[in-house]
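Participant: In case you want the letters, here they are:
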Amino acid sequence: MLEPNAMTVTIIYLSAFAILLVGFLTAISSKDLIRLLIALELMFGAVFMSLIPVFVLAANPAFGTSIIAIFTSAGELLVLIAAVIIRDRRNKNVLIEQITIGGDRV
Amino acid sequence: MMLLSVFAGVMILSSLGVLLSKDNFYSALFMTLTLVMVATVYAFFDIQPVFVLIVFIFVGAIGIVTVALAATYRAMPERQFSWLGCILVAITAAVLSYFTFAGGRYQDMGKQVVFSLSEFIKSSEYQLLVVFLTALVLLLYLSVIRLYRGEES
Numbered sequence: 001m002l003e004p005n006a007m008t009v010t011i012i013y014l015s016a017f018a019i020l021l022v023g024f025l026t027a028i029s030s031k032d033l034i035r036l037l038i039a040l041e042l043m044f045g046a047v048f049m050s051l052i053p054v055f056v057l058a059a060n061p062a063f064g065t066s067i068i069a070i071f072t073s074a075g076e077l078l079v080l081i082a083a084v085i086i087r088d089r090r091n092k093n094v095l096i097e098q099i100t101i102g103g104d105r106v
Numbered sequence: 001m002m003l004l005s006v007f008a009g010v011m012i013l014s015s016l017g018v019l020l021s022k023d024n025f026y027s028a029l030f031m032t033l034t035l036v037m038v039a040t041v042y043a044f045f046d047i048q049p050v051f052v053l054i055v056f057i058f059v060g061a062i063g064i065v066t067v068a069l070a071a072t073y074r075a076m077p078e079r080q081f082s083w084l085g086c087i088l089v090a091i092t093a094a095v096l097s098y099f100t101f102a103g104g105r106y107q108d109m110g111k112q113v114v115f116s117l118s119e120f121i122k123s124s125e126y127q128l129l130v131v132f133l134t135a136l137v138l139l140l141y142l143s144v145i146r147l148y149r150g151e152e153s
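Note that the protein sequences, when read in sequence, are chains X and H. Note that the working numbering gives residue 76 to position 76 of the first sequence, counting from 1, and the numbers run on in steps of one. Note that the working numbering gives residue 86 to position 86 of the second sequence, counting from 1, and the numbers run on in steps of one.
Because the hints were derived from the structure by calculation, they are not lab data. Accuracy of the hints is not assured; some may be wrong.
[What the hints assert, rightly or not] Derived DSS-like pairs: lysine-lysine, alpha-carbon spacing no greater than 27 Å straight-line:
id	chain 1	residue 1	chain 2	residue 2
1	X	Lys31	H	Lys122
2	X	Lys31	X	Lys92
3	H	Lys22	X	Lys92
[Stated by the list, open to error] Far from chain H, by Cβ distances over 10 Å, these chain X residues were calculated:
id	residue
4	Asn91
5	Glu97
6	Gln98
7	Ile99
For every residue, glycine included, the Cβ atom is placed at its ideal position computed from N, Cα and C.
If we strip away everything but chain X, and leave its shape as in the complex, we get (with noise of 0.2 Å):
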């Protein structure tokens, strides 16, 4: 088991942070909602991440904090999922642009 000192930390954060802004410029970059979807897996990825040295201080709030994160994120991703297959069946197509021109009619 490795025990967590300043370089692991400090690892850890990098990774996250990089994890982070790869998947922000991977959502910004996306033109369909598919890659949208994985964009956001890979920023839930860096939240996990980035949770790792609260265990260190307090083990068992920072378990409550994954539990929470781990299935409202989840449960988020599957809205999201469901959203894009029913725009899907709606539209005939996934593509980013298609939604920004669209919207509510009042």
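Fit chain H to the known structure of chain X by using the hints.
Facilitator: Same frame as chain X, now just chain H:
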């Protein structure tokens, strides 16, 4: 330490694979690899319950559905990369690096991760947390089913 660096390197490279891959299917596979690596780091610190949760729920359920969706919508493979977004990300990275690492605030913590699932479950407030969370997830799933059925009718 060396193994952790290798895992972190593979993690960052596979996340770059998500960005640079033209095909959504390969992007989804790279994303799955990244999440498995994140879970592996948890196992590295002897936090197996979170490893199981991430691998089973995030990779096993949501990740596989994403891979299946990406395999379905894999037409028109084209590079999806925005240079404007790259500038924004570089600015964000600079700000994050400055405020997080410039002060050199990380010191040796001097203790191991001590986590026991049985101790966690014993505590009544965490039991309440799990009950509320289960109720929340059930409500969410019911609303998704309702949304889908409403769309069908």
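Participant: State for each hint whether it applies.
Facilitator: Right, here's what the structure says about each hint:
1. X:Lys31 x H:Lys122: Violated, at roughly 47 Å.
2. X:Lys31 x X:Lys92: 15 Å, holds
3. H:Lys22 x X:Lys92: Answer holds: Lys22 of chain H to Lys92 of chain X is near 21 Å, not above 27 Å.
4. Asn91: Label holds. Min Cβ-Cβ 13 Å, cutoff 10 Å.
5. Glu97: The assertion about Glu97 of chain X holds, with a minimum of 12 Å to chain H.
6. Gln98: 14 Å, holds
7. Ile99: At roughly 15 Å from the nearest Cβ of chain H, Ile99 of chain X sits farther out than 10 Å, so the non-interface label holds.
Hint 1 from the earlier list is the only one contradicted by this structure; the remaining hints agree with it.
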